Amino acid sequence: MEEPVPEGKVKFSAGGTTFIVDSRYEFIKKIGHGAYGVVVSAHDNQTGIKVAIKKIANVFDDLIDAKRIVREIKLLTFLDHENTISLLDVMLPQSRTEFNDIYIVTDLMETDLHRVIYSKQDLSDEHIQYFMYQILRGLLYIHSANVIHRDIKPSNLLLNKHCDLKICDLGLARGYDVNTENLTEYVVTRWYRAPEVVLNSSHYTEQIDVWSAGCVFSELLGRAPLFPGEDYLDLVQRIISVIGTPSAEDMHFIENPAAKRFISKLPKKEKCKWNTIYPKANPEALDLLDKMLIFNPRNRYSVQQCLEHPYFNELHNAEEEPVANQSFDWSFDNFVPTKELLQNMVYEEALKFHPA
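In UniProt numbering, the protein residues as written are 1 to 356.
It is worth saying that the hints were derived from the structure and are not from the lab.
Note that this is a predicted model, so its numbers are computed, not measured.
Glycine residues also receive a C-beta, built at the ideal position from the N, C-alpha and C atoms.
Check the hints yourself; a few may be wrong.
[Claimed, not checked] 35 Å max Cα-Cα, derived DSBU-like pairs, lysine-lysine:
#1 K54 / K29
#2 K11 / K161
#3 K161 / K50
[Claimed, not checked] Label pairs and their calculated CB-CB ranges:
#4 D125 / T338: 47 to 53 Å
#5 E314 / A224: 23 to 29 Å
#6 E249 / E314: 33 to 39 Å
#7 F335 / P310: 42 to 48 Å
Please build the complete structure, drawing on both the sequences and the hints.
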């Protein structure tokens, strides 16, 4: 016999997945699914807007994954910017520890940059300019909150029909003041990884997001990934074949002697001219791309420098590029996850949206 639906909840099925959500939400359709759950669109009868609801089922079966999800919920609750996805609701479980599924509600966005890049839609320089400006504007805010995103890629950049862009998927994010010696290698889909991540440096900074954004920029210009490495060694060779062999000084951050030897044994490469790779691109775009895809993170442009580049003359306005008024507190992240502890953390986050 089916369990009764709790009071104040409604039940529906989306692609074989059962949702039990607050009755304010009216199901529209299933819009996606991924490693962490099924996503539907719904109408919020309380606010009158359409939203996305993600169900993450059996979330506590894998405590490392569950910790990532808790981290993302905490970050999304903290961040408040036009170019980051907004967390609108975390549904309050029936009890503090007797639950296994989480329902989170966010902005509803029609598509993502990956789908746009590989569609037949024409992408003008103005489109590319506006997308890159919004990515960098969002990153300026994220970095100012002491957060490194660590997984910037086209599918994590959501878009609506007005070309408004929001950065999502902060489950891999980290601070850059804490635990820098323990920053994990498990970051960023391989093709978008900065050299310092690929070469296993433990002391990387927010500059890794600039590299990843540069890879997205190149993909917008060429409608194909610039560095589709099949493995780490292939990726390093692809990077060097485009941006040239780094000098000894530019390899200062590489702690692994074997990695340095590998690079020094590769055939010496001259840097490619960007206008031979992207002959139709705006020269200002290529000048900015060149400054984002620099091997040495110390010499790579910062997000602030990118925004001040002439490519964004039509869009850049420092007064409309807000930064966070405080840093995100990462102290919560230093714990060994247990099911009960994580359940309590989710429940506490949900209470922020459902004060008694």
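Now the hints, each set against the structure:
A distance of roughly 12 Å separates the Cα atoms of K54 and K29; the hinted pair therefore holds under the 35 Å criterion. Distance hint between K11 and K161 is fulfilled; the C-alpha atoms sit about 30 Å from each other, no more than 35 Å. At most 35 Å may separate the alpha-carbon atoms for a hinted pair to count; K161 and K50 meet this at roughly 14 Å. With their beta carbons about 52 Å apart, D125 and T338 fall inside the hinted range of 47 to 53 Å.
Taking the beta carbon of each, E314 and A224 are about 27 Å apart, inside 23 to 29 Å as hinted. The beta-carbon spacing between E249 and E314, approximately 36 Å, falls within the hinted interval of 33 to 39 Å. Between F335 and P310 the CB atoms are about 46 Å apart, so this pair conforms to the stated range of 42 to 48 Å.
Figure legend: structure checked against the earlier numbered hints; every hint is met.
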